[in-house]
Each structure stands twice: as C-alpha cells, then as structure tokens.
Amino acid sequence: MTRLNLTLLAALLLALPLSLLAGRVWLNPFHPALANATVILVELRLPRALLAVTLGAGLGAAGAAMQGYLRNPLADPGLFGIAPSAALGAVISLFFGAAAWTLPVFALAGAGGAMALLGLIAGRDSDGHGGSIALFTLAGLMIASLAGALMSLAISLAPTPFALSEIVTWLMGALTDRSWSDVALAMPMTMLGILILRLAGPGLDALVLGEAAARSLGLDPRRLQLLLIAGVGLTVGAGVAVAGIIGFVGLVVPHLVRPFTDRRPSRLIAPSALAGALLLLAADCLCRVLPLVTELRLGIALSLIGAPFFLALLLRLRRGAGPDAGLA
Amino acid sequence: MLRADNLVLPGRLAGVGLTLKPGEVTAIVGPNGAGKSSLVACLAGLLRPSSGEVLLDDQALSALPPRHRARRIGYLPQSPEIAWDLTVETLVALGRLPWQGAALHRAHATPAEDARAVGQALTAMALETLRHRPVSRLSGGERARALAARVLAGEPEWLIADEPLANLDLAHAAALVRLLRRQAHDEGRGVIVVLHDLATAMNHADRVVVLEQGCIVADGAPEEALADALVSRVWKLPARWLGEPGARGLALGSNG
Chain A
1 MTRLNLTLLA ALLLALPLSL LAGRVWLNPF HPALANATVI LVELRLPRAL
51 LAVTLGAGLG AAGAAMQGYL RNPLADPGLF GIAPSAALGA VISLFFGAAA
101 WTLPVFALAG AGGAMALLGL IAGRDSDGHG GSIALFTLAG LMIASLAGAL
151 MSLAISLAPT PFALSEIVTW LMGALTDRSW SDVALAMPMT MLGILILRLA
201 GPGLDALVLG EAAARSLGLD PRRLQLLLIA GVGLTVGAGV AVAGIIGFVG
251 LVVPHLVRPF TDRRPSRLIA PSALAGALLL LAADCLCRVL PLVTELRLGI
301 ALSLIGAPFF LALLLRLRRG AGPDAGLA
Chain B
1 MLRADNLVLP GRLAGVGLTL KPGEVTAIVG PNGAGKSSLV ACLAGLLRPS
51 SGEVLLDDQA LSALPPRHRA RRIGYLPQSP EIAWDLTVET LVALGRLPWQ
101 GAALHRAHAT PAEDARAVGQ ALTAMALETL RHRPVSRLSG GERARALAAR
151 VLAGEPEWLI ADEPLANLDL AHAAALVRLL RRQAHDEGRG VIVVLHDLAT
201 AMNHADRVVV LEQGCIVADG APEEALADAL VSRVWKLPAR WLGEPGARGL
251 ALGSNG
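Residue numbers (our numbering), protein chains in the order written: chain A, 1 to 328; chain B, 1 to 256.
Quick caveat, the hints were computed from the structure, so don't treat them as lab data. Just so you know, not all the hints are guaranteed correct.
Covered by chain B, per the in silico footprint, the following chain A stretches (three or more residues, Cβ under 8 Å) [said to hold, decoys possible]: (1) 3-14; (2) 200-213.
Over the 10 Å line for every Cβ pair with chain B, so calculated as not near, a few chain A residues [claimed, not checked]: (3) Leu20; (4) Ala22; (5) Val42; (6) Ile121; (7) Leu141; (8) Leu150; (9) Pro159; (10) Ser216; (11) Leu217; (12) Gly247; (13) Ala282; (14) Thr294; (15) Pro308.
Here are a few chain B residues that face chain A, going by a calculated C-beta distance under 10 Å [said to hold, decoys possible]: (16) Gly23; (17) Ala41; (18) Pro66; (19) Ala70; (20) Ser79; (21) Trp84; (22) Thr87; (23) Ile160; (24) Trp235.
Since this is a predicted model, take the numbers as computed values, not measurements. Cβ coordinates follow ideal geometry from the N, Cα and C atoms, glycine included.
Bound-form chain A, shown alone:
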C-alpha cells in the first residue's frame, strides 16, 4: 500500500468515530450523560456515517475510472447515464406512491437497465473490433438525457403535490434517516464495484497512449467496457438507490488526489475511493451541524462546494496552466 493510501486510510479511521459525535445533539464521549446516546449512535449516526463512507468511496473510485477511461479530467460517473437511469427508477416508484421499500428496488432496476443497454452497445463498431470510446460515450450521454427527460415528464405529470415534493426532495440527495438496511444494500454492492474497477486498472493505463497503442499493448476494449459498466453501475447504482443523486464527488475527488500519484489511472482508483469517503463524511457532518431551519441536503451542499471548484478548474484548463491541460 502506498503512503498516500495509508495517510488517507488513517485520516478516514480517525474521522469516522469523530463524525459520530457531531450533529444536532453533540455527544461528549467523556460525559455520556445523555439517556438515548446509544440509540442516536447505533441506530442513526453509525449507519449514516457508514453510508457516507460507502457512497463517497464508490463515487470517488467511479470518477477516477471514468476520467481514466475517457482520458479527460472533466469526466464524471454520471456520463454513462447509469446515475440518471437509477434516479428515474426511483422517481417512478415515488410517482406511483409505491411502498418505501420499492424505491431502491426500482432505482437498481433503472441502473440495471442502463447497464444492460450499455452492454448491448459495447462492442458495436464498424471496424470489427468494437469498443470505440466515442460511440460508447455518446450512447451513455443519450441514455442520460433520455432518463433526464423522463424524470422531468414524471415531475410535470406528478399526480399529487405531495408526490411532486417527494420527488424533488429525493432528487436532491441526502443521507437523512437512513438505516442499517440501506447500509446492507449499498455496502456490498459498492465494495464489489470498486473491486471490479480496480481490475480495469491495467486497461486504463494502456489507454493513456490512445486507443490504437492501447490495443497494441493487448487491451481488449470490449472487456474494459464491460468491467467499467459493471464497476460504475454497481457503485453509482447502489449510491443512487439509497441516497439520491449526489454530484461532484466523482468529478472533484480524482482531481484532488491526482497530483499526489504518478498519474497512472490505475493508481488513482484506491486513493480516490478513500478521499471520496472522507469528503462525503465531512460534507455530511457539515450538513448536520449547520444551524438551519431544516437540515441542508447533502446533494445541495456538495454542489455548492463542487460548482465553484469546477469553474476554477475550467478556467485553469483554459489558461493552460494545468499540468494536464495541454495533454488532455
């Protein structure tokens, strides 16, 4: 394990217990006077913190893999259309006012549908080899925009104002009132997804040299696409199913981490997962402790951090000051 990974892991192991103390009710570990402290810790804050870590890790790893695959520092896990499709599934469940437990099922079905569609598209190509990155990415963008349009349709046709407000609130993404069952759903899927993304590492490294050179190094482009569909689908699908759309982690985290690596895409996946976990944990704590009338939604908080960062990044790339600017 590299020094970077060890540092991030140590920070995460330190931050996780500390985050449990923060919230509307602050817990003091040295004066455990509060009667229901155990309930707050075990039933509310621990699952929530573990979800933040799980989702952040998944989004960070998926973002790093996507940027490596598209050889573009502006890529984000949403580009394949898996996150919007999962969100569409969830919106359909809310639209029909179905039982609460159906929401993650519908979301996973949406993610699975997008993954299947991408899998069909992967490998369709004119030169007989399959695996064209441009074609694949355009297909993902089309899936994303179709899912987005259907979501807007659902919102505009919402049967009751209550369903409408449910949908809109859910889409903002949050970790409020999550339970152990959400952890049990998201954690294994995300861990499997990150493992699969790590398998894609050597293929992503070969792609540094472009598609032709990568193939000459033995890359099987179709296999890489399938690994990415599975890895991104599992991490992002699980995240959307339990927490809604959480943006910007996948975009921002690989950037923050990249300067500390040798810039090979395979070496970026693990530290991005750890840093993503750390970022989401911190952001969620911030949401809990800000003295607002209602709790700040996590999705909003992250976009508030992420959007200015994205803008600064764009300006930096434009000026050509970024170390990767001239090469991307």
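Keeping the supplied structure of chain A fixed, place chain B upon it in accordance with the hints.
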C-alpha cells in the same frame, strides 16, 4: 515470419500479399493515401482486414490472445498521444503492460525483468537524464523518443512503427534509424517502418515495399524497388537518384 495473405480493406488495401523476415528493416513507402498506415495496422493486428489474413509464424494473428500478440508485436502509432502528465519512466514502463500480471492474467516477467527492460529502453533512446521529467515538459523530439522507448521496453520480436521520424530533427532521426537497424541486425527483430523520406528508405532499409492505391507496385532491395522510373511514376514527379549506393540523395526535377 510475419506474412500478409491477400489483405483487402475496402478503399484502402486491394489485395496485399507480403512475407516479412526477422532480422531485416523493411520500409513501407508510398504517396499519401496509398494504404501504408492501414497495412501496418493490419500487420500489428489492430485492423481486421475484410478478407485475407495476417499470419505470425503460420498462426492467424486474429486468433492470438491480445496480450500474447502484444508481447510479440510492438506498434508505435503515427500520432501517439499521452493523456496524463506521466514522467518519462512511468510512460516507458507502460510498454511492459503485456508482460505484467493482472486480473485473470498471469505475469510473464518478474518486476526485476520489467525494470531491466525499461532501463535498457531509456538508455537506448538516450533518456536516462530525463527519466523523472513529466512529459509535459519535454520537447517534441524528446516526446517522440520517449514514445519509441515505450515500444522498445516491450522487447517484442516485431517492431512496427508508423512514421517514427516525423517529429525528429536530423540528428535524432539518424540515431533512431541506427537503433532500428541494430534492433534488426544485432537483436534479430523484424523491423517494419512507414517512411515518407525516400532517401532514408533508400540508404538504410534492407528492403523497400512501395504501395500505390492499396497495391504493392515494387518490393525488393532499395536500389531495385526505388528505381528512378518507378519513383517518378508513383510520386508523379521527375526524380533521379544521385550519389553512391548507401549515400543516395533524390534530385527532384520540375514537371516542365
């Protein structure tokens, strides 16, 4: 032995047959659009011809597992890119990917062998002092050398390069030509280079293949394949070789 058997790619190759031997430098020349890049991409296993077959030691290239093929055939594309700001050493080490173990693939070289191959490739391209420099701070020529070193690091039996001299100044072009000749004559590798400069092909290749509109119109020792009359006809310019064999220069007349 690398053999192309009647390769056809609509609009690009119109039935190309060619048998290449290890230990030789073969130059592929021809005017723009003659199908040079398509031919070498087929030979490298990157383009599948719509009919015909490329055979590596009598095995169909399309039937070889990609990593196996990658260990035996190295390919330097015409306009190589580098997506991230790696250091020269990290970049060159990418050439070892087909040898390294990965999920479901066993390793075919030890880390020590990888390090030795990378070191030799850096030395061969005179890049030792630039080893830790990020590629964004390299000159065009240094970049071209680093990318060539990446292919050398893979230690393939066949080296295929699509216009490797394009970004190099005279001294570095000459050095790369010397290196490619050594790879063929001393190491016994098969070297296939697409060249635009006919004088380089004439003076340094062991064999020259001239393509025109997807067909081979001449193939043989440079002095025979690149006869004045053929060069004049294919490139549509009156041309005449000057000088002694091994130090030839091409005099181009005007059309008038």
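Hints, one by one, checked against the model:
1. 3-14: violated (count 0)
2. 200-213: holds (count 10)
3. Leu20: For A:Leu20, whose nearest Cβ neighbour in chain B is about 36 Å away, the distance exceeds 10 Å, so it holds.
4. Ala22: holds (37 Å)
5. Val42: Holds: least Cβ distance 37 Å, greater than 10 Å.
6. Ile121: At about 20 Å from chain B, A:Ile121 clears the 10 Å cut-off, so the statement holds.
7. Leu141: At roughly 20 Å from the nearest Cβ of chain B, A:Leu141 sits farther out than 10 Å, so the non-interface label holds.
8. Leu150: A:Leu150 is indeed farther than 10 Å from all Cβ atoms of chain B, at 34 Å.
9. Pro159: Given a closest Cβ separation of 48 Å, the condition holds.
10. Ser216: violated (4 Å)
11. Leu217: violated (5 Å)
12. Gly247: holds (24 Å)
13. Ala282: holds (27 Å)
14. Thr294: At about 42 Å from chain B, A:Thr294 clears the 10 Å cut-off, so the statement holds.
15. Pro308: Fine: 24 Å to the nearest Cβ keeps A:Pro308 off the interface.
16. Gly23: Not OK, violated: B:Gly23 not within 10 Å of chain A, min 22 Å.
17. Ala41: This hint holds: B:Ala41 lies near chain A, its Cβ roughly 7 Å from the closest one there, short of 10 Å.
18. Pro66: OK, holds: B:Pro66 within 10 Å of chain A, min 4 Å.
19. Ala70: Constraint on B:Ala70 satisfied, holds at 3 Å.
20. Ser79: holds (8 Å)
21. Trp84: OK, holds: B:Trp84 within 10 Å of chain A, min 4 Å.
22. Thr87: With a closest approach of 7 Å, the B:Thr87 hint holds.
23. Ile160: With a minimum Cβ separation of about 8 Å from chain A (threshold 10 Å), the hint on B:Ile160 holds.
24. Trp235: Because about 27 Å separates B:Trp235 from the closest Cβ in chain A, which is outside the 10 Å limit, the hint is violated.
Violated hints for the displayed structure, listed by number in ascending order: 1, 10, 11, 16 and 24.
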